[in-house]
Each structure stands twice: as C-alpha cells, then as structure tokens.
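So the sequences go chain by chain: H and L.
Quick note: the first sequence uses the working numbering, first residue 1, plus one each step.
Quick note: the second sequence uses the working numbering, first residue 1, plus one each step.
It is possible that some hints are incorrect.
Remember, identical chains collapse to one label, so a pair may be satisfied in a single copy or spanning two.
Listed next, the in silico SDA-like pairs over lysine to any residue satisfying Cα-Cα at most 20 Å (straight line) [as the list claims (entries may be wrong)]:
id: 1; residue 1: K10; residue 2: I142
id: 2; residue 1: K11; residue 2: S27
id: 3; residue 1: K183; residue 2: D233
id: 4; residue 1: K183; residue 2: E158
id: 5; residue 1: K30; residue 2: R114
id: 6; residue 1: K160; residue 2: E205
id: 7; residue 1: K11; residue 2: A208
id: 8; residue 1: K10; residue 2: H87
id: 9; residue 1: K30; residue 2: T167
id: 10; residue 1: K10; residue 2: H85
Calculated directly from the structure, the hints in this document are not laboratory data.
All figures in this text were calculated on a predicted structure; none of them were measured in a lab.
Protein chains: 2
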Amino acid sequence: MLSFSERLKKKIHEYSPLCVGIDPSASVLKSCGLPDTAEGALELGRRVLSAAQYRIAIIKPQSAFFERFGSAGVRALEELTRLAHSHDVLVLVDGKRGDIESTGAAYAEGYFGRNASLHADAVTTHAYLGFDALTPFFDIAIAAGAGVFVVVRSSNPEGKPLQTARTASGETVALALANEITKRNRHYTQETPGPIGAVVGATCEDAAEIVAALPHSFILAPGVGAQGATMNDVLARMPAARGRVLPNVSRAIFANGGAPEQIAMTIRTLQDQARALL
Amino acid sequence: MLSFSERLKKKIHEYSPLCVGIDPSASVLKSCGLPDTAEGALELGRRVLSAAQYRIAIIKPQSAFFERFGSAGVRALEELTRLAHSHDVLVLVDGKRGDIESTGAAYAEGYFGRNASLHADAVTTHAYLGFDALTPFFDIAIAAGAGVFVVVRSSNPEGKPLQTARTASGETVALALANEITKRNRHYTQETPGPIGAVVGATCEDAAEIVAALPHSFILAPGVGAQGATMNDVLARMPAARGRVLPNVSRAIFANGGAPEQIAMTIRTLQDQARALL
C-alpha cells in the first residue's frame, strides 16, 4: 500500500495541488439549485467531481455541512467518499475531531478502522486536549496509510488570541504545535512530507515562521478565495511551503455560478493558478 | 419552553447532579456481553437507562464511540436520544465540535436546528479556532433552549501545556476562556447558571481558580472514577462549584459489572455520593 504522502504527491503533480472543498451549506445548495437535504449535499459533491471529470487531486468535504442532516448526512458523506475513491480522487474529511486518547482512538477507528463505513485518506484534527493525546489517533491513521492534518493556525481572525498564546517554553501555541508535528513525523518515518500535516491559514501574518518549522509536512492552506487570500498570497506568506502546500478553495468554487460547466471552468482556472505553487 | 438551565436544575434536584456517560467502546461492550456494533452501542444506552429506571438527570453519550460505526452509529445515537427524551432524561452530546463561524453554525444546526434528526439538550465544544468564532454556535443553541459546554481545562495530563499557555493579557488560555464564558453568559441572560457551561477536569490543580471565574456556569467535571478523581475530590478541588457541578462518570458505571442489576446498583451509589455536591 502506498502511503498517503506518496499517493498525494503523485496526484498533485498530475492535477495541481488544489484542494477542492465541498461545503454543502444552505446558501451554496440554493445557488446551485439543489435541495437543502442530505441528497442535495451528495448531489453537490457528485456535480463537482463529474464537472471536473474527476481530474482533482483531493477533495475536502466539510463534515459539518453533511452532519447538518444527521445520520442521513453522514450516509451522504460516506457515499461521496466511495464515489471519489472509485475514480481515484483522494478524500480529506474536515471534521476537526479531537479528544483524550481513548476517545480520539474511537474517532480514528471511525475514519480508518477495519470496520469503518467511511474510509478517509486524511482528516483534520485539533489539539486543544493536547498534542500528545493525539498519539492513538496518529497511530491508527498511519497504520491505515492515511494522513492527519492538525489545525495549527486557523485562517479566521478569532483564532489568533489562543493560537498565539505563549507556552511555558516561550513559543506560541501554534509554533509549539508545529515543532511537535515535525518531531513526530520524524518518529514515524524518514519520508518527506510525512503523515502529519498542518492547517495554516494563508491569511496569517505568522504563517511563514510556522511553516518554516514544518519542513516535513503538507500544509493545508484555507482562506483562499472567500476568506480573502489569493493564490499568490499563499507562497508570499509561506515561501517554504512550495511543493507541499494545498491551497483549499471551498465557497469560491461556485464564484462563477453553480452549473456544471461553470464549476468546471472555475476549477480549471484555480488548478492552473495552483500549479504555480509546485 | 424552559431553558436548558431550568430543565437541568429541576432534574439535578430530583435525581442528583450525576452525569451518566454512555461510552460504548469495544471493551465496555465486551464486558457487557454486547456486540461491537451500532446495535450493541444503542443496546448499551438502553440498558443503562432502563436499569436506572430513567431516574437520571442527564446522560452524556460520547459521540466518538457511536461514530466508530459511521452513519449507522450516528443513527443509534439519534435513537438513544429519542429514547432518553421520551422518558424526560436530558441528553448532553459529547462531540467537542468546533470550527470557524459558518462551519460552527452548521454543526449547531445538526444538533439544534429545526430539521435536525438529533435534538441535543446540550453539547460540548472546543475553542481552538477562537472563542469568538463560537458565537453562531451559541446563538443557535440558545435560541433552541439548549446549552453548550466549552472545554476549558481537560482532565487528561496531555492537555496542560496548551491550556496553561499565557495569552497576551497574561492569563492562561483556560482562565481567559472562563472569563469570556462569564461575560458571554451575562450578555445572553441574567439567569444563573446561564446557557454556556464549561468542562473543567476534577483532576486539575488549577480547577479552583478557573471555576471561581465561572460564577454563572454549570461545570461538567470529567475524570471521576476511571481517571482517578473521587466524588469528594470534586468539591475539594472546586469548592465554588457547589450546586452547579455535574460529576461525569463513564467507564466506572460498569465497575461492578455490566448486568442491569449491577449497573443499577452502581448508578444509585454514585447518585447518592453526587448529592453531596448540591
């Protein structure tokens, strides 16, 4: 089995590092003429994938927008993941799950376990309950050949006070997490990038310093498009991330309209821009 | 409609403030002779509720242990929530969801929205992406008469480095969050406790100071039983929490065995002990 890193590297060289967010919010569904239901959410994902003729490295469904519909929404997410995999598109589930060790292991089982009904290639997590508490989560993901993206520095302004608080060693919370990730990646593998990636907002003024501390990680960069950063900002803000950064675009996928041909054109344009990040 | 706070106050005076955790892990299901399936997870919840003759103020199903089984597990959690509500038992879903504003709102819609298939009385959340980013989450919960428990200080030792980092004002992250919660509760209502509670580990050495900064909150105190704190420790560690603290017991519910009569006896004993916290 190829590792997540090997699969992703192959894909981003084939199709560009653009990460296509699938966020079936009420407003996106409406603008695409789809019903605000679990079926509508699944249909949105289907439309994006087929419009792009499955020529996408990785999609990032935002779990919250599926979970709005309860178990039916989770079933839709499972279905979308199966569809993506059947066309060899990688799936990063954005659920930001995190908890104490035993509970974190249970989340990982749901994403990567032998009996999981959803098989993610990678997921997002948060470390509020401690980076070391994520160990079983990492272990289970990595044993399944999957990746984990830890939220280090989020793209929204509200995240700054907590993420820039100073730990006992004087580093910011975000930088301390980045250093832990780097150490942990080296513990697991000599491969670069390793299995533990990081979410670092393209809009953050300290992004360069944080990314410099993450030499062995893929960087998921949200905030491109709707949140105000351009594709050019990404490398300007985090030059060390070249070749490893996945710019994520969610709402802006529909900026030119929600019809299949409009989505196809928007994704092609964004992929062309994103190739400059390789 | 009564607020979450009014419903909970009534219940804890009727049955004791014990919060009964429902954690259908593989090991708990095995020890109870139940299959490691979504149906087994639901059956565990049914057994606990019926063993206690529904004389419980509030249950806390841990979402991760249901999500292990994908959409079938989420369906089991929805079913368990319906069963609890049909017997007037409150349900606190422990999912620790949190994200940027629009995404957080989507999570809240899934728990509290008009079309939600799971109607929680309260949920847990984390603030890694910023306390202020939780505003839509709070708004939606409170409009639905529900409560939110923000993880402030977790009971596991791994949580300490991040939670005790110092913000720009010199407070720890945990204390800063506590102060934000208190301010926000007052913004929403003059009622005490208000709708925004806090998770504060009964094992934490700084619990007293944090709880003192939370005069208008219910305190969910995990770590009782399996994680080493006793019921007596709870008030010793956070004296200001008297009458507002919900000691949570999860794995220890099965400490005397997993048969219905053993569970019933254990819960009765724990409820008697927990009454001392009123």
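Consistency of the hints with the structure:
no.: 1; hint: K10 <-> I142; in the structure: within (18 Å within a copy, 47 Å between copies)
no.: 2; hint: K11 <-> S27; in the structure: neither (30 Å within a copy, 39 Å between copies)
no.: 3; hint: K183 <-> D233; in the structure: neither (28 Å within a copy, 36 Å between copies)
no.: 4; hint: K183 <-> E158; in the structure: between (28 Å within a copy, 16 Å between copies)
no.: 5; hint: K30 <-> R114; in the structure: between (37 Å within a copy, 18 Å between copies)
no.: 6; hint: K160 <-> E205; in the structure: within (10 Å within a copy, 26 Å between copies)
no.: 7; hint: K11 <-> A208; in the structure: neither (25 Å within a copy, 52 Å between copies)
no.: 8; hint: K10 <-> H87; in the structure: within (15 Å within a copy, 54 Å between copies)
no.: 9; hint: K30 <-> T167; in the structure: neither (44 Å within a copy, 41 Å between copies)
no.: 10; hint: K10 <-> H85; in the structure: within (15 Å within a copy, 50 Å between copies)
The structure is inconsistent with the numbered hints 2, 3, 7, 9, although it conforms to all the rest.
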